[in-house]
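Peer 1: Build the full structure now, drawing on both the sequences and the hints.
Read in order, the letters of the sequence shown are residues 269 to 602 in this note's numbering.
Careful: at least some of the hints might be erroneous.
Each pair of labels, with its calculated beta carbon distance range [unchecked claim]: (1) R465 / V523: 15 to 25 angstroms; (2) K540 / G419: 47 to 57 angstroms; (3) L524 / S413: 25 to 35 angstroms; (4) I525 / E401: 43 to 53 angstroms; (5) S413 / T492: 41 to 51 angstroms; (6) S519 / S389: 45 to 55 angstroms; (7) L350 / D542: 12 to 22 angstroms.
Think of the hints as simulated: they come from the structure by calculation, not from any bench. Quantities reported herein were computed from a predicted structural model and do not represent experimental measurements. No residue lacks a Cβ here, since even glycine has one placed at the ideal position from N, Cα and C.
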Amino acid sequence: MVTTGPHQRVGIDIMGPLTTTKNGNRYILVMVDYFTKWCEAVPLPQQDALTVARAFIDHWVSRYGAPVSLHSDQGPSFESHLITEICRLLGIKETHTTAYHPEGNGLVERTNRTIKAILQSFVSRSSLELWDEVLPQCVLAYRTSVHESTGFSPAILLLGHELRLPVEIQSPLLPYEEQEHVPYIRTLRNRLAYTCRLVNINLGNASGHQKDIYDRQARGPRYTVEDRVWLRRPMTSLGGCSKFHHSWQGSFEIVLIRSPTTFVLRNIQRPKDDVITVHYNQIKPDRTTFPFDAQLADPPPATRFYEVPPEGGTAYPCPRSGTEDSASLGEGAM
269 MVTTGPHQRV GIDIMGPLTT TKNGNRYILV MVDYFTKWCE AVPLPQQDAL
319 TVARAFIDHW VSRYGAPVSL HSDQGPSFES HLITEICRLL GIKETHTTAY
369 HPEGNGLVER TNRTIKAILQ SFVSRSSLEL WDEVLPQCVL AYRTSVHEST
419 GFSPAILLLG HELRLPVEIQ SPLLPYEEQE HVPYIRTLRN RLAYTCRLVN
469 INLGNASGHQ KDIYDRQARG PRYTVEDRVW LRRPMTSLGG CSKFHHSWQG
519 SFEIVLIRSP TTFVLRNIQR PKDDVITVHY NQIKPDRTTF PFDAQLADPP
569 PATRFYEVPP EGGTAYPCPR SGTEDSASLG EGAM
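Peer 2: Structural data, given as structure tokens:
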């Protein structure tokens, strides 16, 4: 998803459940701007729609304004009537990934892994319940790191300058030049305009590179409407046993093809259930289906049998009467 400026598209997701902290937090609401990669991470005690909506308003909208669009998965917290109504009132367009396809919100998923890795370096095994206290420092480390796709840190893209870090006490940077407000604003505007042009170039290059890598690995059949397929569903129920979980479930029928990678499926066994929108990667052909009046070919006749030998013996061929083998043996015996 390529954007051309800040706050055009914000991705949102929930990490957890994690170890319950002393403050009762178990989840992290992660919000990322697709252009600047600026991140907000909010610890939450629960992931219901009201808690998520309040965190989104307090920690994003109240600080940076309403984004043009809000992108999320199909979790119940994000598809609730409350979130939909908030987006309607603020003029925010809602978009969602297809079912069971986290790659559709890849930026936030990658940010989740980065924050988790930073948290692991901050928190020891003996203090896992303190992760929400060091989370702000982890986010600071993320905001001041250069992002591979943009070539800049999220801080400089959003604020126009790098954040001053404690490490500068040991290795101070060059002092800031004192400027009047108007010249400073003009300089900042020019700087941001220049960096935005560079970011658009870098994002385009990164997107093309990622597409090339994906296309090399993309192989599979072509589907048409009414084709029967299997759907891959990861285990989501708490307390379930992954050892006995069948990831591929079916059979489903394709009722609509929205794009080359997006399909709408109907459960054949439960046709009254709601249809489900899925990604190409989540389905595979149902090879078990065939017309009921299809004529099945008989297998070719067996021409050789093997007798089961006695214990410790050796297996030897036993020709079937009426075969070439029996005829040749008969001739040899005469």
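Peer 1: Using the Cβ atoms, figure out if L350 sits within 12 to 22 angstroms of D542.
Peer 2: holds (20 angstroms)
Peer 1: With respect to the beta-carbon atoms only, verify the hint that R465 and V523 lie 15 to 25 angstroms apart.
Peer 2: Violated - the Cβ-Cβ distance for R465 and V523, about 44 angstroms, lies outside 15 to 25 angstroms.
Peer 1: Given a hint of 41 to 51 angstroms, does the C-beta separation of S413 and T492 actually sit inside it?
Peer 2: Hint holds: Cβ distance 46 angstroms, inside 41 to 51 angstroms.
Peer 1: Tell me if the beta carbons of S519 and S389 are separated by a distance inside 45 to 55 angstroms.
Peer 2: holds (46 angstroms)
Peer 1: For the range 25 to 35 angstroms, tell me whether the beta carbons of L524 and S413 fit it or not.
Peer 2: Violated: the Cβ-Cβ distance is about 42 angstroms, outside 25 to 35 angstroms.
Peer 1: Should the hint that I525 and E401 are 43 to 53 angstroms apart at their CB atoms be regarded as holding?
Peer 2: Because 49 angstroms falls inside the window, the suggested range holds.
Peer 1: Does the hinted range 47 to 57 angstroms hold for K540 and G419 at CB?
Peer 2: Given about 52 angstroms between the Cβ atoms, the range holds.
Checked against the numbered hints given earlier, the structure breaks hints 1, 3 and satisfies all the rest.
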